[in-house]
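These are the residues of each chain, in order.
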Amino acid sequence: MASVTQSLFKFFRNESPADAGTKSSTTGIGSHLSRRSSGLAELTKALSGQESLSILDLGPTSPKNIAHITGLGHRVYNEDVLLASMDPAYAIKSEDGSPSINVEAFLAENLKHPVGQFDAVLCWDVPDYLHESLVKPAVERIASALKPGGTVLAFFHTKDAGPDAPYFRYHIAGADTLELQRGPQFRLQRVFNNRHIENLFREFGNIKFFLGRDNIREVLVVR
Amino acid sequence: MDATKPADNFRADVAHIGKSVLIRGELSGSEDLYLDGEVEGSIDLHEHSLTIGPHGRVRANVQARDVTVFGRVDGNIIGRDRVELKRSAVLAGDIATQRIVIEDGAFFKGSIDIKKEAPKQAVKAEAPKTMAAAAGAEMATTTQPSLLNETKY
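Line by line, the protein sequences give chains A and B. Using the working numbering, read the first sequence as starting at 158 and increasing by one per residue. Using the working numbering, read the second sequence as starting at 737 and increasing by one per residue.
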């Protein structure tokens with residue numbers, strides 16, 4: 158089973174990525190890959206029929222996501238936490254001399270939202286790329302910002318594709334379809350197993366897993 | 737042509753603030769404005785359009801009819817008709833508008849609140865009051881070309 162990475166390479170080599178569960182939407186370098194997302198489909202279903210919801214997108218600014226969400230009559234809040242965490246102003250050295258992040262300083266300027274503000278959070282695969290010290294505090298902040306019954310959509314890699322695993326931006330292309338666009342070269346920090354994910358979201362009420370064919374585990378968590 | 741450079745930044749009918757200009761305080765006006773300098777405070781152009789050029793640095797809440805951003809804004813934007821973030825734009829603040837266009841590559845941190853357009857009948861009913869308040873000077877804004885055919889998010 159090919160990973161998204163392998164699928165992308167196949168795409169660039171003009172090989173069919175269809176067996177990986179993704180397909181190229183157009184041809185040529187810079188094109189997007191598209192994939193079906195069961196988690197997104199489930200989230201769309203849960204939010205359908207409602208208007209004026211508040212949705213937090215933690216990925217890079219995506220015109221398509223903004224268009225899709227506002228087109229449904231919802232309010233969208235965009236905050237690229239991964240990019241923000243790369244700010245050199247937060248960089249510190251830990252006791253053993255390894256590079257780390259000043260968590261207090263980061264949280265003082267990021268993920269600052271009133272309690273219970275959002276109905277849904279699009280987390281994408283941000284936890285896989287965030288610095289270790291930020292993962293738990295970030296999830297706690299997300300839990301705090303969610304309304305009771307609010308939903309988080311998160312993606313996790315199921316196996317380590319190595320430090321060169323490409324980082325993708327996720328664009329909503331339909332109720333159950335995502336476009337993947339190669340983003341900046343962020344390093345995959347870790348791979349969560351199911352137990353890790355359950356622990357990470359233990360403050361939440363309900364976790365649903367969807368295993369994609371491209372080695373991405375989609376998780377829908379309800380607070 | 738430099739993609740980050742607005743094509744119409746030297747229109748004669750638009751007021752210009754150059755990139756070496758720094759303004760602290762309240763900036764208001766009743767004509768379109770191209771701003772390539774720095775502003776700290778607030779900007780209010782009522783029924784007119786504001787373009788923040790690639791060198792523009794705004795630390796202010798902004799209110800105008802149309803707002804186009806090539807540069808950097810730290811503050812909230814209220815664009816009565818439309819807000820457009822070009823790919824070089826960096827915005828940390830909330831947006832409230834009827835129509836929004838965001839180019840891929842723009843950085844945005846904040847919320848977007850899409851205001852529904854007022855029904856046409858309601859606009860007509862309000863028109864005499866608006867015109868009276870503006871002493872007739874704002875009549876041109878009621879006859880401006882429709883933007884309805886443009887990308888609507």
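If you are wondering where the hints come from, they were derived from the structure by calculation, not from laboratory data. Each hint should be verified, as a subset may be incorrect.
Unchecked claim - Straight-line distance between alpha carbons at most 27 Å, and here's what the computed DSS-like set of lysine-lysine pairs gives: (1) B:Lys845 - A:Lys293; (2) A:Lys304 - A:Lys269; (3) B:Lys845 - A:Lys221; (4) A:Lys293 - A:Lys250; (5) A:Lys269 - B:Lys755; (6) A:Lys221 - B:Lys755; (7) B:Lys851 - A:Lys304; (8) A:Lys293 - A:Lys269; (9) A:Lys304 - A:Lys316; (10) A:Lys221 - A:Lys269; (11) B:Lys755 - A:Lys304.
Here's how the hints hold up against the structure:
1. B:Lys845 - A:Lys293: holds, 22 Å
2. A:Lys304 - A:Lys269: Holds, because 15 Å separates the two Cα atoms, which is no more than 27 Å.
3. B:Lys845 - A:Lys221: The hint holds at about 15 Å.
4. A:Lys293 - A:Lys250: holds, 19 Å
5. A:Lys269 - B:Lys755: violated, 33 Å
6. A:Lys221 - B:Lys755: Not satisfied, since the Cα-Cα distance of roughly 32 Å exceeds 27 Å.
7. B:Lys851 - A:Lys304: Given pair B:Lys851, A:Lys304 holds - Cα atoms ~23 Å apart, limit 27 Å.
8. A:Lys293 - A:Lys269: holds, 15 Å
9. A:Lys304 - A:Lys316: Given pair A:Lys304, A:Lys316 is violated - Cα atoms ~32 Å apart, limit 27 Å.
10. A:Lys221 - A:Lys269: holds, 24 Å
11. B:Lys755 - A:Lys304: With Cα atoms ~44 Å apart, B:Lys755 and A:Lys304 exceed 27 Å; violated.
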